[in-house]
Amino acid sequence: MAYVTEQTRAALGAASPGWAGLRRRWLRFAGQLPVVPLAILVPFVLVAVFANAIAPFDPTDPIPGAKIFAPPFWAEGANPTARLGTDFQGRDVLSRLIFGARVSLIVGVMGTVVAGGIGTTLGILAGYLGGWVDQVIMRITDAWLALPALVFAIFLATMVGPSMWNIIVILGAVYWTRYARVIRGEVLSLREREFVKLSEIAGASSARVILRHVLPNVLNSAMVLASLTIGVVIIAEASLSFLGVGVPPPEPAWGSMLADGRSMLMVGDWWLTVFPGLCIMMVVLATQLLGDWLRIRLDPQLRNL
Amino acid sequence: MARFIIRRTLYALVTLLILSLTIFMVIRLTGDPVTLLAEPGAHAEDLDRIRAEWGLDRSWPVQYLTFAKNVFTGDLGKSFNYDMPVSTLYFQRLPNSLELALAATLISFLIGIPAGLISAVKVNSVWDNTGKVIALFGLAVPGFWLGLVMILVFSVWLGWLPTSGQGSWQHLIMPAVALGWYFAASLLRLTRSSMLEVLRSEYIKLARLKGLPGYVVIAVHAFKNALIPVLTLAGVNLVVMINAAVIIEVIFAWPGIGRLLYEGIFQRDFPLVQGVVMEAGIMIVVINLTIDILYAYIDPRIRLTR
Numbered sequence: 000m001a002y003v004t005e006q007t008r009a010a011l012g013a014a015s016p017g018w019a020g021l022r023r024r025w026l027r028f029a030g031q032l033p034v035v036p037l038a039i040l041v042p043f044v045l046v047a048v049f050a051n052a053i054a055p056f057d058p059t060d061p062i063p064g065a066k067i068f069a070p071p072f073w074a075e076g077a078n079p080t081a082r083l084g085t086d087f088q089g090r091d092v093l094s095r096l097i098f099g100a101r102v103s104l105i106v107g108v109m110g111t112v113v114a115g116g117i118g119t120t121l122g123i124l125a126g127y128l129g130g131w132v133d134q135v136i137m138r139i140t141d142a143w144l145a146l147p148a149l150v151f152a153i154f155l156a157t158m159v160g161p162s163m164w165n166i167i168v169i170l171g172a173v174y175w176t177r178y179a180r181v182i183r184g185e186v187l188s189l190r191e192r193e194f195v196k197l198s199e200i201a202g203a204s205s206a207r208v209i210l211r212h213v214l215p216n217v218l219n220s221a222m223v224l225a226s227l228t229i230g231v232v233i234i235a236e237a238s239l240s241f242l243g244v245g246v247p248p249p250e251p252a253w254g255s256m257l258a259d260g261r262s263m264l265m266v267g268d269w270w271l272t273v274f275p276g277l278c279i280m281m282v283v284l285a286t287q288l289l290g291d292w293l294r295i296r297l298d299p300q301l302r303n304l
Numbered sequence: 000m001a002r003f004i005i006r007r008t009l010y011a012l013v014t015l016l017i018l019s020l021t022i023f024m025v026i027r028l029t030g031d032p033v034t035l036l037a038e039p040g041a042h043a044e045d046l047d048r049i050r051a052e053w054g055l056d057r058s059w060p061v062q063y064l065t066f067a068k069n070v071f072t073g074d075l076g077k078s079f080n081y082d083m084p085v086s087t088l089y090f091q092r093l094p095n096s097l098e099l100a101l102a103a104t105l106i107s108f109l110i111g112i113p114a115g116l117i118s119a120v121k122v123n124s125v126w127d128n129t130g131k132v133i134a135l136f137g138l139a140v141p142g143f144w145l146g147l148v149m150i151l152v153f154s155v156w157l158g159w160l161p162t163s164g165q166g167s168w169q170h171l172i173m174p175a176v177a178l179g180w181y182f183a184a185s186l187l188r189l190t191r192s193s194m195l196e197v198l199r200s201e202y203i204k205l206a207r208l209k210g211l212p213g214y215v216v217i218a219v220h221a222f223k224n225a226l227i228p229v230l231t232l233a234g235v236n237l238v239v240m241i242n243a244a245v246i247i248e249v250i251f252a253w254p255g256i257g258r259l260l261y262e263g264i265f266q267r268d269f270p271l272v273q274g275v276v277m278e279a280g281i282m283i284v285v286i287n288l289t290i291d292i293l294y295a296y297i298d299p300r301i302r303l304t305r
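Top to bottom, those sequences are chains A and B. Per numbering that gives the first Met the number 0: the first sequence = residues 0 to 304. Per numbering that gives the first Met the number 0: the second sequence = residues 0 to 305.
Treat the hints as calculated values from the structure; they're not laboratory data. Among these hints, one or two may not hold up.
What the hints assert, rightly or not - Computed, partial: chain A to chain B, Cβ under 7 Å:
1) Ile-139
2) Asp-141
3) Ala-145
4) Pro-147
5) Leu-149
6) Val-150
7) Met-158
8) Ile-234
9) Leu-264
10) Gly-267
11) Trp-269
12) Thr-272
13) Gly-276
14) Ile-279
15) Met-280
16) Leu-284
Stated by the list, open to error - Using C-beta positions, here's what the derived DEER-type ranges look like:
17) Leu-105/B x Gly-160/A: 37 to 43 Å
18) Gly-158/B x Asp-60/A: 34 to 40 Å
19) Ala-74/A x Val-122/B: 42 to 48 Å
20) Ile-53/A x Asp-82/B: 51 to 57 Å
21) Leu-128/A x Ile-227/B: 31 to 37 Å
22) Trp-59/B x Val-132/A: 22 to 28 Å
23) Leu-28/B x Ser-205/A: 27 to 33 Å
24) Gly-160/A x Val-152/B: 34 to 40 Å
25) Val-152/B x Val-132/A: 50 to 56 Å
For each residue, glycine too, the CB sits at the ideal point set by N, CA and C.
The following block holds chain A by itself, in its conformation from the complex (with noise of 0.2 Å):
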């Protein structure tokens, strides 16, 4: 770089605010960071992924000698050392809670990932290739579309069998749909920008053009759709579990504690329907204001999406 001056590098030199500045900047930017959705999301991580360290017991296996549907600790008749009562097996209701949290977020992220993934793909290609496999990428997404998606995954799930991998997969498949969408039409005026066409006047190929041009400015608005689809998937992944055709007993999942504590309303056991659907509730509540927080910031335009 023969024409990078003295100058230029003292003037370089002068704009690189240092160390001050750097720590300066990152100030800034945790101040910006959302308070509230952070709150919730960060205990849940943890919790999730120190799992194993913070049960009092085994989330699959009875408490030896413990009664069955025993109330939470501040009731009658409750069992001292589970604090947030037992099921009908005298499972503890808290380390199935925690372990279930762990079950929640992999698949809330990996179906995320999943469906982020096969649509920007597809998105991408059709908005960038054009022609008939834009027709046919997105006649696909328009007959996957048609049907509720609830629906589809449950017609899944009941042909490929139950396991927290194919519930992953699963949802992917489903929820691809609307990244595919979304990121075609961007791409398609990404095409129509300079550097684009220079690029390609520079003889880059098409694979090159996609990675380096097109896939770094479609990010945000994939970012912000995965932020927004989590929660989606989550609630998904509960609805599964709750009808049976989810994460397999006796793994604990949300949903699946929620299909067993159902039996047991009617003579009022609440804390088995009313614990997991507010774990459900809090986490997907965080995913939805971390999403707006990321949307407006990221990128103003996607505020109606």
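With chain A fixed as given, assemble chain B onto it according to the hints.
Relative to chain A, chain B alone:
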């Protein structure tokens, strides 16, 4: 207009074709369909007999053509458990699902539209913020959990409403709220953004300049136009609610299409599951096509641009 209708109809047909192909492929890629059709532990001869009976011994393209032909002539196969055609079962349950979906739509209107309207008219006020909180909870609280909590509170603790079943309006309230909840939130968001867009437009400024009172501008000029996308969404939602209310119908023992699907899953009644899914897809594609055509009829710009 004729060209538009023809092109849209062709698209819809292609969509249905891909949909049926997807369902067909999923069933065959995830295992041998014979094992889904036969009793567990059936003999090899039995399996062969079933294979021949269902035409599963033929090549895939032949099988698909038969399947597609049956779907397009309205023959969705026969349920094992009921020993009845799936389409008969589907249409038997349809009125129940429709009843629930209409009630849920009404509830989502009652919550979503007024709240969205107030939020838009009084942007960034207390009302708007309340609306935002409602919308947020509508998306974050799973409808089926809301249903369970309502059963706990209103049936078990207070004893006001029956826990499940169908019959009187008391039976309808809780499932309709649980089902309409999520859609109320989406209607709220859409009403708000649609109203905001209309309120920014030139003709609203003109109406205000003419000196019309504020409520006339909002009620007569703005709301009427803002309602178009809202009603479209409500139409689509209605069809989704009819076909996708699986969990709500299970929780409240509501004898609708969703429960039919659930029964199909648990009794391994595979033609029933396939048929209900296909039927749901057909219904939604047809509704979408109708909406597209109506839109083009109302708004000529759509005909030209697409």
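Verification of the supplied hints:
no., hint, result
1, Ile-139, "6 Å, holds"
2, Asp-141, "5 Å, holds"
3, Ala-145, "5 Å, holds"
4, Pro-147, "4 Å, holds"
5, Leu-149, "5 Å, holds"
6, Val-150, "5 Å, holds"
7, Met-158, "4 Å, holds"
8, Ile-234, "5 Å, holds"
9, Leu-264, "6 Å, holds"
10, Gly-267, "5 Å, holds"
11, Trp-269, "5 Å, holds"
12, Thr-272, "5 Å, holds"
13, Gly-276, "4 Å, holds"
14, Ile-279, "6 Å, holds"
15, Met-280, "5 Å, holds"
16, Leu-284, "4 Å, holds"
17, Leu-105/B x Gly-160/A: 37 to 43 Å, "39 Å, holds"
18, Gly-158/B x Asp-60/A: 34 to 40 Å, "37 Å, holds"
19, Ala-74/A x Val-122/B: 42 to 48 Å, "46 Å, holds"
20, Ile-53/A x Asp-82/B: 51 to 57 Å, "52 Å, holds"
21, Leu-128/A x Ile-227/B: 31 to 37 Å, "35 Å, holds"
22, Trp-59/B x Val-132/A: 22 to 28 Å, "24 Å, holds"
23, Leu-28/B x Ser-205/A: 27 to 33 Å, "30 Å, holds"
24, Gly-160/A x Val-152/B: 34 to 40 Å, "36 Å, holds"
25, Val-152/B x Val-132/A: 50 to 56 Å, "53 Å, holds"
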